[in-house]
Amino acid sequence: MATVEFKQVHKTYPGAHIVKGIDLKIESGEFLVLLGPSGCGKSTTLRMIAGLEDISEGCIEIDQQVVNDLEPKERNIAMVFQSYALYPHLSVYKNIGFGLRLAKVDKQIIDSKVRDVAELLELTPLLDRKPKDLSGGQRQRVAMGRAMVRTPNVFLFDEPLSNLDAKLRHTMRAEIRQLHDQLKKTTVYVTHDQVEAMTLADRVVIMHEGHIAQIGKPRDVFLHPQSKFVAGFIGSPTMNFLKGDVRIDDSSNYWLNFAGNDVQLDQSYSGNVGEVDLGIRPSDIYLSPKTCSHNNPLHEFEANIDSYELLGATALIVVSRGEQSFKVEVSANYALESGQAMTLHIDLSQLHIFDTQSGAAVYRVIN
Amino acid sequence: MKKRFMNDWVKICYLMLIAGFVLVPLLAAVLGGFKSLGELQSNPIGLPNNWEFEHYGAVLNNPFLWNSMKNSFVISSMTLILTLLGGAMTAFTFSHIRFVGHRYVYSYFLLGMMFPFATGILPLFIKIRDLGLLDSFYGVVIPQVAFGLAMAILLFKTFFEQLPAELFDAARVDGCGYARFFFEIVIPLSTPILATVGVFVLVTSWNNYLLPLVVLNNSDLYPWTLGIMQYQGEFAVEWNKVLAYVSITVLPALAFFIVAQKYIVAGLTGGAVKG
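In order, the protein sequence lines correspond to chains A and B.
Just so we're aligned: 89 in my numbering is position 89 of the first sequence, and the numbers increase by one with no gaps anywhere.
Just so we're aligned: 542 in my numbering is position 175 of the second sequence, and the numbers increase by one with no gaps anywhere.
Note that these hints are calculated values from the structure, not bench results.
Please note that a few of the clues may not be correct.
[Stated by the list, open to error] Computed list of lysine-lysine pairs in BS3-like fashion (alpha-carbon distance at most 27 Å, straight line):
id: 1; chain 1: A; residue 1: K132; chain 2: B; residue 2: K378
id: 2; chain 1: A; residue 1: K94; chain 2: A; residue 2: K113
id: 3; chain 1: A; residue 1: K94; chain 2: B; residue 2: K629
id: 4; chain 1: A; residue 1: K130; chain 2: B; residue 2: K629
id: 5; chain 1: A; residue 1: K113; chain 2: A; residue 2: K184
Let's have the full structure, built from the sequences with the hints guiding it.
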């Protein structure tokens with residue numbers, strides 16, 4: 001069990017600043033997911049924990065010990081790679097036992113450890129095979145076995161599921177979570193797949209251009225994004241962004257004007273007067289007031305359906321009103337077609353307001 | 368359909384012609400060893416009228432052949448081992464470690480390929496003499512390794528750079544340093560390139576004539592290429608024995624090629640990463 005702490009960590013390459021001052025504390029036994037689009041620095045951050053990349057500035061501590069100058073093997077970590085990175089010329093047994101053999105562990109102990117791990121991961125019948133004779137999911141499990149057999153303090157996963165097909169990914173996701181619950185090891189997991197992040201994480205760290213955009217429980221990150229970037233990144237289909245105007249009246253009440261209507265904002269509004277960005281998730285817009293289960297204030301407006309896309313249980317429609325168009329997620333039961341005019345209801349309690357300049361969230365009704 | 372048939376025939380004829388250029392002289396040499404001197408002049412290419420086995424017998428019974436074969440074998444194996452080891456290690460360094468000036472050093476190694484062996488023979492002789500390596504195997508082996516390294520490094524480096532980078536990351540996390548990774552992971556995965564470079568180096572060394580000629584004076588140290596000279600001197604016009612000698616001495620190189628060929632196969636890295 002170990003904590004991992006980042007203190008003002010930077011990573012620079014000649015001509016590029018990849019990680020720009022990260023402060024982060026990962027608790028012992030926590031499952032932390034680093035999430036972000038490609039090139040946001042999440043993999044580099046993980047590789048710095050592993051010791052595969054040098055730290056340009058700042059320090060990383062594992063279990064309160066600064067590890068900046070330690071070799072990967074001295075950090076007591078284990079890593080699972082995106083491409084599995086199994087040794088092609090070694091059998092599954094030797095692949096799993098490789099690290100222990102290098103550490104000069106007694107052969108009998110290696111044997112019992114390898115067999116225990118193989119048992120746990122259901123690899124026992126495959127121990128004599130070479131990686132090329134295994135399926136993608138089996139290779140993935142061998143890679144995990146190789147990490148687990150060394151009983152490390154910290155597990156590092158670098159997009160371990162992105163090479164698997166959708167169904168297998170689902171199964172392996174559940175297995176990884178189950179293993180974590182069993183082993184209770186500090187785990188850092190890098191992914192660009194928000195579903196993986198939401199389902200696996202105790203806490204999610206969303207990274208953007210080398211900065212941490214937000215840290216929080218998956219539910220908090222989804223419901224209370226602190227910036228326009230996070231709001232747009234998390235959630236599928238993505239959040240609708242509209243333009244609105246905020247003005248203040250004589251009695252110091254803030255009023256939001258969007259799509260031709262005025263809505264009064266409560267005192268939690270912390271932004272300025274003038275143009276703002278509004279965000280509303282496609283699932284917070286309803287076809288009829290009755291489908292909205294709670295008694296929240298609704299904002300009603302007319303719109304035309306531009307397109308209709310069936311996703312399965314739900315359907316995605318794109319509606320437009322004047323110059324603004326946005327996505328609405330509705331039940332697939334409705335028979336809708338393009339060109340149809342209809343009344344929509346926006347759940348105002350789910351409205352997000354972002355500062356146009358900084359992108360910071362300035363208003364969110366907490367419920 | 369007819370056109371394709373014609374195409375195939377054109378290809379087959381072309382390939383047979385090319386194969387003929389290689390095989391006919393070889394065959395002529397093998398068969399020449401069974402002919403009398405007279406027949407060799409009247410019928411240099413066809414099958415012998417009388418199969419005379421005594422020329423092969425004489426060559427095989429001559430202890431000089433076996434001694435020169437042994438010398439060739441020692442020189443070639445030393446060259447092979449040193450070139451493979453030195454070339455692979457150097458190439459590994461170039462493909463994995465970025466040090467100051469690595470490009471210049473790499474280019475310097477490759478310069479060796481632009482430098483014909485024969486042009487350097489005089490300074491080479493002087494240097495070998497100064498080092499006191501005349502009349503020793505080292506005097507032949509070391510220059511051969513030096514000249515073989517350029518090609519070996521080029522081929523090895525290209526191959527090593529294609530090995531997945533995550534393999535090295537995984538090995539580092541498992542506790543491998545550079546040396547461990549090189550011997551435990553890279554070398555076992557490099558059999559195709561080791562075989563390719565090995566064949567190239569061994570055949571070049573096995574057939575080298577000029578360098579041993581310049582370096583070696585003691586006939587006890589002669590490799591087979593110099594031994595053939597001895598034959599020509601002793602039996603001035605006995606071409607049938609020379610041909611028999613050549614046919615026999617080519618065999619070890621051929622055998623090595625056939626063995627190594629098995630390993631020159633693609634796909635040995637299958638299963639390391641998703642592919």
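Structure-based check of each hint:
About 37 Å separates the Cα atoms of A/K132 and B/K378, which puts this hinted pair outside 27 Å; it is violated. A threshold of 27 Å between alpha carbons decides the hint, and for A/K94 with A/K113 the separation of about 12 Å falls inside it, so the pair holds. Among the hinted pairs, A/K94 with B/K629 is consistent with the structure: their alpha-carbon atoms are about 25 Å apart, no more than 27 Å. Taking the CA atoms of A/K130 and B/K629, the gap is about 20 Å. The hint holds against a cut of 27 Å.
Between A/K113 and A/K184 the alpha-carbon distance is near 18 Å, which keeps this suggested pair within the 27 Å criterion.
Violation of the numbered hints given earlier is confined to hint 1; every other hint is satisfied by the structure.
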